[in-house]
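*Asks:* Each chain, letter by letter, is given below.
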Amino acid sequence: MTAYLIRRVLQSILVVFVSAVASYVLLSFAPGGPLTGLRQITQSSRFKITEEDIARIRASFELDLNLPVRFSRWLIGVPRGPLVIGGKEYFGELVVGCRKPIEAEFLNSRGVLDVKVVGCKEEVLLKDIVGRRTSRGILFGDFGLSWSILRDRPVSDLIASRIPKTLQLIGLETLLSLLIGIPLGIYSAVKQYSNFDYIFTTLAFMGTAMPSFFFGLLFILIFSILPKNAGFTYLPAALSESIRGYTIPLIGAVVAGSLKDRTLHMILPVAVLTILNIAGWSRFIRASMLDVLRQDYVRTARAKGLSQNMVIMKHALRNALIPFVTIVVFTIPGLFGGAIITESIFSWPGMGRLYILALGSYDYPVAMALFFITAVLVVIATLLRDVLYTIVDPRIRLT
Amino acid sequence: MTVPVQMDIIKAEAITIQERSPFQVVMMRFIKHRLAMASLILMIVIFSITILAPYITSFKVDELNVNDYFLPFGAVDQPTGRVHYFGTDNIGRDYFSRVVYAGRISLTVALLSTFISEIVGILVGAISGFYGGWVDSILMRFVEFMITIPTLPLLLIISSMLLRNENLIPIPEGVLRVVGNVMLLSPKDARNAVLIVIVLAGFGWLSAAQLMRGTILSLREQTFVEASRSLGATDIWIIFKHMIPNAMAPIIVDASLNLAGFVVAEAALAFLGFGIQDPIPTWGNMLSATQTYMFDKPWLPLVPGTPIFICSLAFNYIGDGLRDALDPRLKL
Numbered sequence: 031m032t033a034y035l036i037r038r039v040l041q042s043i044l045v046v047f048v049s050a051v052a053s054y055v056l057l058s059f060a061p062g063g064p065l066t067g068l069r070q071i072t073q074s075s076r077f078k079i080t081e082e083d084i085a086r087i088r089a090s091f092e093l094d095l096n097l098p099v100r101f102s103r104w105l106i107g108v109p110r111g112p113l114v115i116g117g118k119e120y121f122g123e124l125v126v127g128c129r130k131p132i133e134a135e136f137l138n139s140r141g142v143l144d145v146k147v148v149g150c151k152e153e154v155l156l157k158d159i160v161g162r163r164t165s166r167g168i169l170f171g172d173f174g175l176s177w178s179i180l181r182d183r184p185v186s187d188l189i190a191s192r193i194p195k196t197l198q199l200i201g202l203e204t205l206l207s208l209l210i211g212i213p214l215g216i217y218s219a220v221k222q223y224s225n226f227d228y229i230f231t232t233l234a235f236m237g238t239a240m241p242s243f244f245f246g247l248l249f250i251l252i253f254s255i256l257p258k259n260a261g262f263t264y265l266p267a268a269l270s271e272s273i274r275g276y277t278i279p280l281i282g283a284v285v286a287g288s289l290k291d292r293t294l295h296m297i298l299p300v301a302v303l304t305i306l307n308i309a310g311w312s313r314f315i316r317a318s319m320l321d322v323l324r325q326d327y328v329r330t331a332r333a334k335g336l337s338q339n340m341v342i343m344k345h346a347l348r349n350a351l352i353p354f355v356t357i358v359v360f361t362i363p364g365l366f367g368g369a370i371i372t373e374s375i376f377s378w379p380g381m382g383r384l385y386i387l388a389l390g391s392y393d394y395p396v397a398m399a400l401f402f403i404t405a406v407l408v409v410i411a412t413l414l415r416d417v418l419y420t421i422v423d424p425r426i427r428l429t
Numbered sequence: 172m173t174v175p176v177q178m179d180i181i182k183a184e185a186i187t188i189q190e191r192s193p194f195q196v197v198m199m200r201f202i203k204h205r206l207a208m209a210s211l212i213l214m215i216v217i218f219s220i221t222i223l224a225p226y227i228t229s230f231k232v233d234e235l236n237v238n239d240y241f242l243p244f245g246a247v248d249q250p251t252g253r254v255h256y257f258g259t260d261n262i263g264r265d266y267f268s269r270v271v272y273a274g275r276i277s278l279t280v281a282l283l284s285t286f287i288s289e290i291v292g293i294l295v296g297a298i299s300g301f302y303g304g305w306v307d308s309i310l311m312r313f314v315e316f317m318i319t320i321p322t323l324p325l326l327l328i329i330s331s332m333l334l335r336n337e338n339l340i341p342i343p344e345g346v347l348r349v350v351g352n353v354m355l356l357s358p359k360d361a362r363n364a365v366l367i368v369i370v371l372a373g374f375g376w377l378s379a380a381q382l383m384r385g386t387i388l389s390l391r392e393q394t395f396v397e398a399s400r401s402l403g404a405t406d407i408w409i410i411f412k413h414m415i416p417n418a419m420a421p422i423i424v425d426a427s428l429n430l431a432g433f434v435v436a437e438a439a440l441a442f443l444g445f446g447i448q449d450p451i452p453t454w455g456n457m458l459s460a461t462q463t464y465m466f467d468k469p470w471l472p473l474v475p476g477t478p479i480f481i482c483s484l485a486f487n488y489i490g491d492g493l494r495d496a497l498d499p500r501l502k503l
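Line by line, the protein sequences give chains A and B.
The opening residue of the first sequence carries number 31 in this note's numbering; numbering runs sequentially from there.
The opening residue of the second sequence carries number 172 in this note's numbering; numbering runs sequentially from there.
One or more hints might be untrue.
[Unchecked claim] Across the chosen pairs, the derived CB separations fall in these ranges:
1) A:S58 - B:G252: 50 to 58 angstroms
2) B:R391 - A:A134: 27 to 35 angstroms
3) A:S186 - B:P193: 58 to 66 angstroms
Hints are computed from structural coordinates only; laboratory data are not their basis.
Beta carbons: idealized from backbone N, C-alpha and C, even for Gly.
Sequences and hints are given; from them, build the entire structure.
*Replies:* Here's what the structure looks like:
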């Protein structure tokens with residue numbers, strides 16, 4: 031067991047590293063980037079932007095450094111300058127990037143003008159980057175500074191302000207899904223092919239059959255816009271709390287930012303997420319319950335004359351829940367990552383929306399931080415799942 | 172002296188059951204699942220409509236009449252007398268024609284993605300399960316990791332990269348022409364669709380690989396495999412002749428669920444501004460293009476939203492029916 035754990039932890043570290051490299055490279059090759067629009071400005075005559083300005087802007091985003099150097103500075107905070115051993119500097123003349131690249135325009139295959147870097151006018155040497163501000167490295171818990179969402183403020187501040195909202199949303203949703211989804215799944219497995227099972231199966235499929243943004247929009251239409259226009263009780267559909275007070279028929283006046291206000295705002299997004307989640311989870315429970323109910327030991331339990339409740343709760347359910355552990359454990363990364371589409375639809379200020387915002391405004395330090403934390407959580411969850419398996423099912427041995 | 176056996180009498184008295192092939196058994200069970208059967212018929216109807224698209228629509232998909240936007244259902248195009256069955260969209264294109272053509276493209280994308288992802292999944296799962304050891308370790312860690320990272324953000328980055336640098340992945344001209352003919356698109360537009368297929372399939376093969384591996388692991392220890400090996404069968408022979416055919420049941424079910432998933436995933440990509448781009452109609456991009464009218468003209472998003480919903484639901488039911496039909500432990 032110990033040997034297994036050590037091996038798995040080492041593997042996990044490797045996986046996190048690989049995924050960090052992969053996402054970093056992916057982001058740096060993604061189209062756009064923080065310099066989008068700069069080129070247009072240089073071409074217009076109203077603004078005078080010199081080559082020197084561009085070089086300075088590139089330097090402030092570290093875009094003048096080569097990818098491996100940039101990555102290493104982001105991950106562990108080195109190199110910060112030449113290597114100093116015993117008062118002497120080494121590798122000071124090493125080229126680590128390019129301050130002013132030579133760009134050439136060419137026609138690409140679609141006949142559109144494109145720009146390609148063909149050479150370098152002025153190189154960046156290792157001794158030049160001394161004194162540049164840098165993070166201590168993401169491995170040591172420093173996520174660096176935001177580029178555009180909260181300019182020059184630490185990414186960790188941004189994350190800290192968003193996390194409670196996502197925890198609220200996903201936490202409540204997970205709890206409700208467990209409380210509703212498991213009993214529903216059990217019941218429809220025990221009563222397989224009954225009317226309840228058919229109706230419930232249909233409802234569950236409906237949940238998965240709609241794109242979640244469409245589902246969210248339908249909910250807003252049905253529970254917010256239509257009743258509001260008709261003068262009935264409606265639910266607020268955007269943000270996590272209101273800016274000013276409002277009055278809802280039957281519920282009465284609501285003070286902005288009060289508990290009542292925040293609760294009302296949570297109902298719709300939580301409902302959408304819960305319904306989508308129950309659809310998947312209860313199907314899963316139903317399938318594994320059906321599988322277990324056909325096993326010999328369940329038949330034996332029945333033959334011994336145990337009551338139906340006893341057979342289901344004691345013999346079947348416990349075994350049926352084993353594969354479910356996998357799914358529940360993987361809500362951990364979700365608690366952090368949030369729900370991208372649902373949060374966008376309801377303008378919920380959580381992590382999922384932060385992610386879209388970060389990608390859209392090319393705030394790569396924020397996007398990378400989210401990527402990295404999610405990867406770590408996923409790996410931890412995977413490990414936790416495998417260990418939990420041995421606890422809930424003694425037949426499984428880890429080797 | 173021997174008494175001649177009277178075969179006629181024996182035959183008449185014997186209780187015989189007509190022999191049924193496995194396929195017949197599965198079909199019989201499938202037909203019993205009424206909802207699955209109804210879904211299958213519904214899907215055949217939808218497929219037929221999309222195949223007949225050029226014959227039942229009277230407008231071209233990109234034929235726009237700028238003055239006639241937001242026409243109601245059943246409005247008549249005055250100069251030519253053609254009917255807009257579903258009215259027109261926000262820039263005056265016939266909505267019915269677009270929905271029908273979109274179905275052709277969306278369903279082809281879903282089918283192609285499913286086909287590719289099942290093939291890749293089968294191969295990876297079979298190799299991983301059959302050989303075990305470090306090959307298995309690496310492949311499965313990779314699969315697990317891919318399954319658990321939030322796919323949406325990754326899809327976003329990858330599809331935006333692919334769509335803006337179209338030549339990043341070279342696609343043979345012949346493939347584009349064939350796909351283009353199926354979707355009724357020019358090879359240039361078909362490239363866009365093929366890229367989305369690649370992106371969707373790139374994430375879709377994971378579940379198939381896991382299912383395949385699981386089945387192979389248990390099959391590997393069976394006596395008939397040992398027997399085959401002792402007769403001198405090669406690994407390739409065993410995998411393709413014994414393993415894969417025996418492990419097809421969960422793969423078929425997975426494929427039908429993937430079909431449902433891909434129809435929805437294409438829409439989700441379109442919602443986030445990626446996926447197949449506008450002049451080419453797909454259910455997903457029609458839905459996302461009209462979502463802003465949800466609150467004052469709700470039929471605009473509902474028209475493309477409904478077929479997504481129906482197809483996904485139907486594929487789910489078919490998958491459910493197949494699961495029950497293919498499960499040998501279930502009695503008739």
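*Asks:* Next step is simple, just say for each hint if it's right about the structure.
*Replies:* Hint by hint, here is what the structure shows:
no. : hint                                : verdict
1   : A:S58 - B:G252: 50 to 58 angstroms  : 57 angstroms, holds
2   : B:R391 - A:A134: 27 to 35 angstroms : 57 angstroms, violated
3   : A:S186 - B:P193: 58 to 66 angstroms : 60 angstroms, holds
When held up to the earlier numbered hints, the structure conflicts with hint 2 and nothing else.
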